[in-house]
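*Asks:* Please take these sequences and the hints and turn them into a complete structure.
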Amino acid sequence: MGPALSSVSSDLDEAVHRCLVAGFEGTTAFPDTLKRLIDRGLGGVILFTRNVRDAEQVRELTDALRALRPDLLVAIDNEGGGIGHLVAAGAPEVPGSYALGVADDPNLTARCADALAGHLATLGITASYAPVADLQRRAGNPIVRTRSFGADPELAARHLQAWITATEA
Numbered sequence: 619m620g621p622a623l624s625s626v627s628s629d630l631d632e633a634v635h636r637c638l639v640a641g642f643e644g645t646t647a648f649p650d651t652l653k654r655l656i657d658r659g660l661g662g663v664i665l666f667t668r669n670v671r672d673a674e675q676v677r678e679l680t681d682a683l684r685a686l687r688p689d690l691l692v693a694i695d696n697e698g699g700g701i702g703h704l705v706a707a708g709a710p711e712v713p714g715s716y717a718l719g720v721a722d723d724p725n726l727t728a729r730c731a732d733a734l735a736g737h738l739a740t741l742g743i744t745a746s747y748a749p750v751a752d753l754q755r756r757a758g759n760p761i762v763r764t765r766s767f768g769a770d771p772e773l774a775a776r777h778l779q780a781w782i783t784a785t786e787a
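This note's numbering runs 618 ahead of the 1-based position in the sequence shown.
Simulated from the structure, these hints should not be mistaken for laboratory data.
Only a predicted model underlies this, so the values are computations on that prediction, with no experimental measurement involved.
There's no promise every hint is true.
As the list claims (entries may be wrong) - For each label pair, taking beta carbons as the anchor points, the in silico distance ranges come out as:
no., residue 1, residue 2, range
1, Thr667, Thr744, 12 to 22 angstroms
2, Arg677, Arg729, 16 to 26 angstroms
3, Val720, Asp631, 41 to 51 angstroms
4, Gly644, Leu753, 34 to 44 angstroms
5, Val705, Ala745, 14 to 24 angstroms
6, Pro710, Thr744, 10 to 20 angstroms
7, Glu786, Val705, 21 to 31 angstroms
8, Arg729, Leu753, 16 to 26 angstroms
9, Arg729, Asp752, 38 to 48 angstroms
10, Arg654, Arg729, 21 to 31 angstroms
11, Arg677, Asp631, 17 to 27 angstroms
12, Gly742, Glu711, 18 to 28 angstroms
Here a beta-carbon is modelled for each residue, glycine too, at the ideal position from N, C-alpha and C.
*Replies:* Encoded structure:
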């Protein structure tokens, strides 16, 4: 492979790595494989319950991850309403998306989102994969369940907008 092709291959490799987010086992140490991926440009890591012991430990973990690469995305899926990986780290208890949709008070949704976002920031978590933008089109859907704001697209849009606006503030 010539130098020009080698450069393209290297750029492509880096671009692909930036698109990837990986989970891992443990609360303090991360595998050598993860360290190598971060060194090669892995876009980020996602934390799960298995990575959480308490708030202090999570902050130490996120600081250690950022020591490997300061721009590393550290994400979590923490939606509230019983769907969250940060209970042990003192995450605020907020209603789930379906309950917020039933209440249909975008200000309440914004306050809940703000409380969760503030907690994530204190822990060093830079991205949340919440809320879910799915619509509850089929009663009892085992995937969506209480994770959506409801079946009405306009209702969901109101609450998604409230959530996004609050977390960007």
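*Asks:* Would you mind marking each hint as holding or not holding in the structure?
*Replies:* Quick rundown of the hints versus the structure:
1. Threonine 667 and threonine 744 have their C-beta atoms about 19 angstroms apart, which keeps the hinted 12 to 22 angstroms range intact.
2. For arginine 677 paired with arginine 729, a C-beta distance near 24 angstroms keeps the hint of 16 to 26 angstroms intact.
3. For the pair valine 720 and aspartate 631, the beta carbons lie near 47 angstroms from each other, so the given range of 41 to 51 angstroms is met.
4. Distance hint check: the CB atoms of glycine 644 and leucine 753 are about 36 angstroms apart, consistent with the given range 34 to 44 angstroms.
5. Roughly 19 angstroms separates the CB atoms of valine 705 and alanine 745, a value that falls within the hinted 14 to 24 angstroms.
6. Between proline 710 and threonine 744 the CB atoms are about 18 angstroms apart, so this pair conforms to the stated range of 10 to 20 angstroms.
7. Under the hint 21 to 31 angstroms, the C-beta atoms of glutamate 786 and valine 705, about 25 angstroms apart, fit the expected range.
8. The beta-carbon spacing between arginine 729 and leucine 753, approximately 23 angstroms, falls within the hinted interval of 16 to 26 angstroms.
9. For the pair arginine 729 and aspartate 752, the beta carbons lie near 22 angstroms from each other, so the given range of 38 to 48 angstroms is not met.
10. Between arginine 654 and arginine 729 the beta carbon distance is about 42 angstroms. The supplied range of 21 to 31 angstroms is therefore violated.
11. For arginine 677 and aspartate 631, the Cβ-Cβ distance of about 32 angstroms falls outside the hinted range of 17 to 27 angstroms, so the restraint is violated.
12. For glycine 742 and glutamate 711, the Cβ-Cβ distance of about 21 angstroms falls inside the hinted range of 18 to 28 angstroms, so the restraint holds.
This entry does not satisfy hints 9, 10, 11, going by the numbered hints stated previously.
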